[in-house]
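Enquirer: Given next are the chains, with one letter for each unit.
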Amino acid sequence: MAPLPITAIALASALGNGTGAATQAMRHGRSGLRRNDFLDSALDTWIGRVPGLEDAPLDGGLAHFDCRSNRLALLGLQQDGFEATVVRAVARHGARRVAVYIGTSSSGILEAELAFRHRDPATGALPAALRFSDTYNLYSVASFVQQRLGLHGPCCTVSAACASSAKVFAAAQRAIAAGLCDAAVVGGVETLCFTTLQGFAALELLSSRPCRPFDTERDGISIGEAAAFALLEKEGPGGETLALLGYGESADAFHMSTPHPQGLGAARAMHDALQLAGLAPGDVDYLNLHGTGTRNNDAAENAAVCAVFSERLACSATKGWTGHALGAAGAVEAVLTLLALRDGFVPGTANTRHADPQFGIRLALETAPQPLRRAMSNSFGFGGSNCSLVFGRM
Amino acid sequence: MRVRLAAQAVLGPGLPDWSVARAVLTGAAPYVPAPAPEPAPALLPATERRRASASVRWALAVGEQALRACGREGAELASVFASCGGDGGITHQICEALAAPPHTVSPTRFHNSVHNAPAGYWSIAAQSHASSTSLSGYDGAFAIGLLEAATQATVDQCSVLLVAYDLPYPEPMHALWPIAHPFAASLLLDPPARAGLALDIELREGAAREFWPRMLPGELRANPAARALELFAATLRHGRSRVELPYTETSHIAVEIDQ
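From first to last, the protein sequence lines are chains L and C. 830 is the number of the first residue of the first sequence in my numbering; add one for each residue after it. 2 is the number of the first residue of the second sequence in my numbering; add one for each residue after it.
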């Protein structure tokens, strides 16, 4: 494929508001994880929470969209001058030619969880505050982003577990290639909720300490919440720009919640991404691993990476900084990978002290300056859903 | 965007498969109200079938039906799954469990709760490692899936299986989204260079005009997946025909068919 310009990025995560806050935190070794203090959850775990969402209701014409997920989406859109760049893109292309593709795995499920606590004792009915289309439904977040930005092009929620918001880059590239649009706002939005906290606890995949991807002592994930966005344009405003070079999507066809032990699907996604970009493995300088911190996930990803790349490739996992943002993880890590490319550094792997000696990958533990030409980001999810993205400059 | 329709499948009340639906839509047979037969996807191993939720069984059953209709294998086929409401039964069970002590959820129920559960089970059933995506929309969920499947078939020059499904929610969530009937549909789309019925697909401004086949119960139309029936009815007309499928509130997908 032809490289696709990326003309804006934005991030709101446990590392703070804006990409600058994320870069500073990674450079100074400050993880965004904290002991679980999400609402009344009593689970003994660490989380990547975005402060202040509880006190920031949506108002004005979009107040009917008010829920934690859309509040976080708005906070993300307001970072890094993103909305202003979208306005300029709309002026170039027209609102009908700018698409929205958002990845999420839970959207407003938290609103349903809370509503079930307050059912009418006589009838069992839910409180009126739970609105199907505007807050609960998976499409709510894509619809909110489209209306907030005043866009009228293709609009879609991609919900493929933890690969959701990596796959939006692929969907947007295809839509632009097919002539459906000239630009696309892509992103991921995921908030903390009880379904994912209790669900991962039930699967015994939740660590009671800050997650330590690829560590000998790794024992599970830390869940985070985040909103991350990128603006892809058929033609940028000119000058050197970051770009999407390729993507690969695959299915494990193995198990609903356990990755293929040799990472066959993951390796296929990485291989296909390189092929679409017209690159050899040696052309990539940095790999942002999916790196969740569970025993099986990290072992499978190590096997897959070793099957595709040489042992010289610098790798790191950034979920120890942000927490695992699930449906938003793909977009969060795409943005962190783009920051690494733009500013010339390899993010460290927060909380990890002793990389598992059985693994062949070269894991960067500390954040360090390094000029990068091209970088890949991996996202793998439940249902054996895999997506790898390759970024560079053009 | 031009794609070719290689096969289609349906499952819904009074419409147990495509041969019955075809007869009803052409007027060769009357629509006879009846509950949809319980879907029994044959490709899914027995152990996985026991774990699978209702939406997974509905989605897989129509996917299999479409493949059988054209004698294809699923192993190297890209797939697109589209649904408005996902699996409300599982959401209900999880929310109910979370609302009362001990506030825990079943691990199997949790991994079945992801919107891409049908895609995950499909890849296992069809032994497909090919690309698969899972989409959500409101009333436009079918059009969203159709647009993505057609885009993939055109840009990647590959065959794509589209599966759209939506099932009624149990109370109390049923009151929020009162669809009465379950429905699932599947289409196998080929790239334009292949043989088969040509569908010309475009995203257009404005709300969709209604093309609901008058012989079908109007209340079925509330199920977003059942909009497939408007398209299927158009494919059975002689000469040029056209249908508009709702996409967003202010846009629709226009499909033109020439035979």
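To be clear, the hints were calculated from the coordinates, so they are not data collected in a lab. Be aware that a few hints might be false.
[Stated by the list, open to error] Cβ-Cβ distance ranges computed for the label pairs, FRET-style: (1) G1068/L with R241/C: 43 to 51 Å; (2) E77/C with A1136/L: 15 to 23 Å; (3) E1069/L with R205/C: 35 to 43 Å; (4) A958/L with A208/C: 25 to 33 Å; (5) G72/C with G858/L: 37 to 45 Å.
[Claimed, not checked] Calculated Cβ distances over 10 Å to all of chain L for the following chain C residues: (6) T27; (7) R52; (8) G86; (9) G90; (10) V115; (11) Y122; (12) M174; (13) G197; (14) G240.
Even for Gly, the Cβ is constructed at its ideal location relative to N, Cα and C.
Enquirer: Look at each hint and say if it fits the structure.
Expert: Against the structure, the hints come out as follows:
1. G1068/L with R241/C: 43 to 51 Å: Holds: the Cβ-Cβ distance is about 48 Å, inside 43 to 51 Å.
2. E77/C with A1136/L: 15 to 23 Å: Since E77/C and A1136/L have Cβ atoms about 20 Å apart, the given range 15 to 23 Å holds.
3. E1069/L with R205/C: 35 to 43 Å: 37 Å, holds
4. A958/L with A208/C: 25 to 33 Å: Taking Cβ atoms as reference, A958/L and A208/C lie about 28 Å apart, which means the hint holds.
5. G72/C with G858/L: 37 to 45 Å: 59 Å, violated
6. T27: 32 Å, holds
7. R52: 8 Å, violated
8. G86: 7 Å, violated
9. G90: Non-interface label stands for G90/C: nearest chain L Cβ at 13 Å, farther than 10 Å.
10. V115: 5 Å, violated
11. Y122: At about 7 Å from chain L, Y122/C fails to clear the 10 Å cut-off, so the statement is violated.
12. M174: Answer for M174/C: violated, closest chain L Cβ roughly 7 Å.
13. G197: 19 Å, holds
14. G240: Check passes; 27 Å lies beyond 10 Å.
Violated hints for the displayed structure, listed by number in ascending order: 5, 7, 8, 10, 11 and 12.
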